[in-house]
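Undergrad: Reminder that position 83 of the sequence shown reads as 487 in this note's numbering, one-by-one numbering, no gaps.
In case anyone wonders, no lab produced these hints; they're calculated from the structure.
A couple of the hints might just be wrong.
Stated by the list, open to error - With a cut-off of at most 35 Å between alpha-carbon atoms, the simulated DSBU-like pairs for lysine-lysine come out as follows:
hint, residue 1, residue 2
1, 407, 505
2, 462, 505
3, 472, 462
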Amino acid sequence: MTKIYLTQTGFFTARHGHGGALAEASHEHTFRYEITFHGPLNAEGYLIDFRDLSAAFKKEIDARFEGKDLCTFFENPTTEALCIWIYRRINDLFPHLYSVKVAEAEDRWTEYRGEE
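Please put together the full structure from these sequences, using the hints given.
TA: Below is the structure:
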């Protein structure tokens with residue numbers, strides 16, 4: 405059985421700030437995400453329809469966070485918390501989820517694979 409990795413990306417702009425050791429005033433980022441799935445090809449030769457992923461990502465991620473302050477969603481609005489939240493939400497919607505990566509800048513990424 406042939407298995408494949410499939411990745412779809414997206415982005416949104418949101419604000420966050422931190423107290424504690426991070427101690428940063430509220431500031432804006434364009435958060436970029438990569439969501440990767442892994443599994444067998446179906447009878448038609450694909451894993452998941454990209455159109456289905458795109459629609460779900462726009463509704464569940466982009467529309468929820470675009471232009472918002474992540475402090476209203478998370479007690480600790482870190483990129484790590486956002487990454488874990490996205491993983492859990494997408495895992496509820498699509499099988500074969502492998503990993504979620506979230507970047508707040510081109511040189512800073514977090515990755516979560518569902519490990520606790």
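Undergrad: Now tell me if each hint is right for this structure.
TA: Status of each hint after checking the structure:
Straight-line distance between C-alpha atoms of residue 407 and residue 505 comes to about 21 Å, which keeps the hinted pair within the 35 Å bound. Simply put, residue 462 and residue 505 have alpha-carbon atoms about 16 Å apart, close enough for the 35 Å limit, and the pair holds. For the given pair, residue 472 sits about 15 Å from residue 462 by alpha-carbon distance, which is consistent with the 35 Å threshold.
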